[in-house]
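With the hints as extra help, turn the sequences into a complete structure.
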Amino acid sequence: MSQSHRINGGQIDRSKTLHFTFDGLPYQGHPGDTLASALLANGVRLMGRSFKYHRPRGPISSGSEEPNALVELRTDGRQEPNTRATVAELYDGLTANSQNRWPSLRFDAMGINDKLSTFFAAGFYYKTFMWPKSFWEKLYEPIIRRAAGLGSVTREEDPDGYDKGFLHCDLLVIGAGPAGLMAALTAGRAGKRVILADEDFRMGGRLNAETFAVGDSQGADWAAATVAELSSLPNVRLMTRTTVVGAFDHGIYSAVERVSDHLPTPAAGKPRQILWRIYSAKAILAGGATERPIAFENNDRPGIMMAGSLRAYANRWGVKVGERIAVFTNNDDGIRTAQDLKAKGVDVVAVIDSREGGDLLPGIRHLQGAEVIDTSGKLGLTSITIRQANGRSESIAVDALGVSGGWNPNVNIHSHHRSRPVYDAAIAAFVPGKDGPPGLLVAGAAAGQMSTHAALRTGRDAAIAALDLTTGPDLPQAEDAPVRITPLWHVAYGKGRAWIDQQNDVTVKDVKLAKQENFTSVEHLKRYTTLGMATDQGKTGNVIGLAVMAELTGRSIPETGTTIYRPPYTPVAMGTLAGRSRGREFKPFRLTPSHHWAKEQGAIFVEVGNWLRTQWVPKAGETEWRQSVDREVLATRKSVGICDVTTLGKIDIQGTDAGAFLDKVYANTFSTLAVGKCRYGLMLREDGIVFDDGTTARMGEHEYVMTTTTANAVTVFRHLEFCRQVLWPEMDVQLISTTEAWAQFSVAGPNARNLLAKVVDQDISDTAFPYMGAGNITVGGLRARLFRISFSGELAYEIAVPTRYGDALLREMLAKGAEYDPIVYGTEALGVMRIEKGHVAGGELNGQSTALNMGLGKMVSKKKDSIGMVLSQREGLTDETGYRLVGVKPVDPQAKLTAGSHFLEKGAGPVAANDGGWLTSKVYSPHLGCDIALGYLKAGDKKIGQRMRIVNLLAGLDTEVEIISPHMFDPEGERLRG
Amino acid sequence: MASLMAMTALGRRDPATVTHGPLTISERTDVALASVAARKGRMANLSASARAAGLHLPGPATHSQGTPYSAFWVAPEMWFVEAPFASHELIADMLKAALGDAASITEQTDAWVAFDVAAPDLAPLLERLCNVDFPAVPQGHATRTVIEHLGVYLIKHGPGTARIYGPRSSAESLLHAVETAAHALW
Amino acid sequence: MIIHHPILGPRDAQEFVYLGDASLIDRPDGMTAGVEAFHDYLYNRTNPAGEHQELWYHEQGDRSWLVVTRNTVTHEITKVELARDVARARGRTK
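Chains as they are written, first to last, in our numbering: chain A, 1 to 978; chain B, 1 to 186; chain C, 1 to 94.
By construction, these hints were calculated from the structure, which means they are not laboratory data.
The C-beta atom is built at its ideal place from N, Cα and C for all residues, glycine as well.
Don't take every hint at face value.
For each label pair, taking beta carbons as the anchor points, the in silico distance ranges come out as [stated by the list, open to error]:
| # | chain 1 | residue 1 | chain 2 | residue 2 | range |
| --- | --- | --- | --- | --- | --- |
| 1 | C | Thr32 | B | Ser3 | 40 to 50 Å |
| 2 | C | Pro10 | B | Gly160 | 20 to 30 Å |
| 3 | A | Phe586 | C | Tyr18 | 19 to 29 Å |
| 4 | C | Gly50 | A | His524 | 26 to 36 Å |
| 5 | A | His524 | C | Pro10 | 38 to 48 Å |
Right, here's the structure in full:
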């Protein structure tokens, strides 16, 4: 029996049939259906089980506020839990499954929770699972996690892509109901750049769900015609399936566009969703309103839903939810449902109207002053029990009940900057308050303007006001009915549970319990009962919950107030927030000039920030990384090795005050450096801690080239700009980064000069190019730079050519210098050689250490003012017994060291009081034939030659070591000056 | 001039051209680039000598087209100057000779990779890549912006033509980002 | 947030790096001021709930350091100046 509950009319395309399955059973629907409307058309009311009590549930709404009808959509990697069936657009081949049930939706073993509900009231977990403490993690939590909860997450990778983007406009209109359409039309016709965004796949808002006329046509037809006009305007961008999820500072809004969710799979290369960042100084919130229920006993059975949704399913989707329908209302809008359904030929059995007096509805059993006090039906509604004004109860057989407790304006986005909505007794609802996001106006039902006419008028007027226009379109004729409501939040009769928040299974009893335990503030009420949490964030339940609390405490509703509204308006998938930044695309890569050569050689790369640097270059037969690294170190020390050092930051510093500027930013002096020379520089932070180090060369009278560490290239540049612009604004200094402009190679080893001599055009003998020399040279006529600096302790140079020639220079050096058996070494060998030589790097430049700690205290000149000079002299930083950099080697050459291990005196217990410091860096030294390390040791300069222990309880290490000078290789520096 | 063979930022001998749908991305290796910054208090001297050299130094956020020198503003009293690589490989030296000591001049040619992007309308592509309001800014607009975490310069030469200067070492990542956005669109 | 750059107009705060209180402009002279003065300069700041002058760096822009006057409660920005101009006005020289 296909689509047994389909009636005529609606905005669905009956010429096409879509096939889908729910819990494995096949069904049919039409384009324009949601999963919920299609299931209801097929007579399926039961769509899920509740969070805590596993109660059978069906949809209570037809929109994004849905708390109940949550399903797992799609399968495998695309499986998406907690998808609201009420907004999932139907497509051919859609597969959905119910969730939070076992073994099946109709028979759920965990339904036992419902029988045990006394034990599951609010605060149950807090009180019950207090002790023994260890049971929580091991026993209680896993059981509760299994029993409670919503959908399950797929364990597979999401195969789809997500995107991000940026949009700009003069006016963002949020919501395309009558108010939003009119606002967009007003601004669009005035030539303004407009973005109109709506979460629905069809614009028109409630006009699509109502039978009202707008002007000469049906509301839905007016909406379609208006959309057609807007789409013809080049200055208007219409975005359907796009939810504005948050308002941020200064006119920045975020929106999620579901580009491909209505398709079985996204088209090749196309994203599934796009997260837009929208810049708009002015915006209009026209997000409409959400109908709220009334709490009464067993008000959560499938078949009971919002009266306006019952009407929407009939008018928009051509679906009758039941064969015999009743309406329970406290306001005139519920009456509309009865009238519309009757006009559609549906059997409307009764209207239970909680209000007294007024005109009786013609042709419908209209019970005034009556209430629904209970319902029955195991897996779906079969009857309701009503209590009439005269106190008599009566059972009425119905399979659908529409409930209307009034409409709540969707103030959420207006409250994202903590603006508190205010209570409007005339409509018994909260409306936007003061101090909303600057530039954001509210129109239509979101502003508490509930009639169609008011929506059109306030939409137009808001656009005129926002954009300083003088006029707008004429308003078409539309209904302007007043809101007539007598608040009724919950029905007092009945002893059973009456649901307020169906998603979290929060009942009136839970609110009473919260009050009893003095959790009376709305924020406490929320945390204690979980009211308003989870995927729907209480869109249907919150206001009833606080109204019940107000009633219990004797406070007014305004005094009770609402909780804070925060983004996102509706749930956003994690993938959407990540956008393209996942897997290998998490961040961009930086490749060195020698990258392609190294790749050809099968080099191993290491990520250093965004850089991919060569870590080592294995040769045939080498099976372990240490073999390659040891070989690279020994070959360099024996003859010559080449390393790509392009990643070091390079900053070009020019100007007549360049030297004076460097004196300010470096602890040591640079203004006296001769042209054509370079010097090691130590840069401090203002607090006296070492910030960075590197060599800086003077290339001309007013021209220096600074080198920074790879890691600090960006922060040093930022710091220099701060010094230049903010601290010494009158200095004549200009800065520009040249890190990427030059391919730079370190050439180190006894044959470094011999090799380079075969490549460069100039005389680079020791006389012509002495230690710490720097200058412009040429390589086969090509402009190049040469610096005679060393971090390895070897005779070494750094040679630089424009980056595009870097690959060729490396190949040229290897070819022309072949007789010296040059090798290329990576960052591991670089590390071994700098540690053998006692140079500080990453582990020592740890953001806690001073020049004195590093044994470089004398470099801090006190003859000039420099950043950090004064505070480096603070008492606590100049302690004689403070940490000093030392070298470490094990007494037994076979023993192993580990960085991070702590120094202890022999016989001292491994407790913090005995801690002498720690190892900062450790390598195996092929030169010394054992592990060596650098470390910070208290009064370490006075302990050279002593024996201590290195202890690492995590690694099970307790090793006797000798404290030695950090300059473990060629301490006199004869090799590098050779 | 040099005996060494140049390699492009994408690791090839020749500049790359990629097309996808209406979009063409062309790597430009034939542009020489240098930064020119006025020495303190020397802006008037710099303007005069630049004018004499046929170099117009435009105002903020602007690119100025010229022969042989074009220029765009990058920071207060600082510009990037473009010229044909074939004739101006030594652009920094040439500018120093022309502008004297009124400016600090630094070679930037190989610090950047240049991609020219062209399509009938670039707005849909660029709105997926950066926060620049491309349709609204005038022709000749030059700005620094961020594309997939990379700091780049974007120069609008027309509604359908723009040049992107990105960090040379990330040329592959930048090209990949533009290509991915293009595939998401077309 | 949007910062109205004095030269470049409205720019997304994502392009900037935040440093902190603009009193960092007032660095003492290391040759005459002592540890105490530097200690106050570096560590002692007011932390107002309200109008606050802050240093922001346009790293993904023109590399200007800016002094932004911002209300820390509402995030309203009432003034944006080039830090260099502010520093000069406060008498900072070489």
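Hints versus structure:
no.	hint	verdict
1	Thr32(C) with Ser3(B): 40 to 50 Å	57 Å, violated
2	Pro10(C) with Gly160(B): 20 to 30 Å	25 Å, holds
3	Phe586(A) with Tyr18(C): 19 to 29 Å	24 Å, holds
4	Gly50(C) with His524(A): 26 to 36 Å	29 Å, holds
5	His524(A) with Pro10(C): 38 to 48 Å	41 Å, holds
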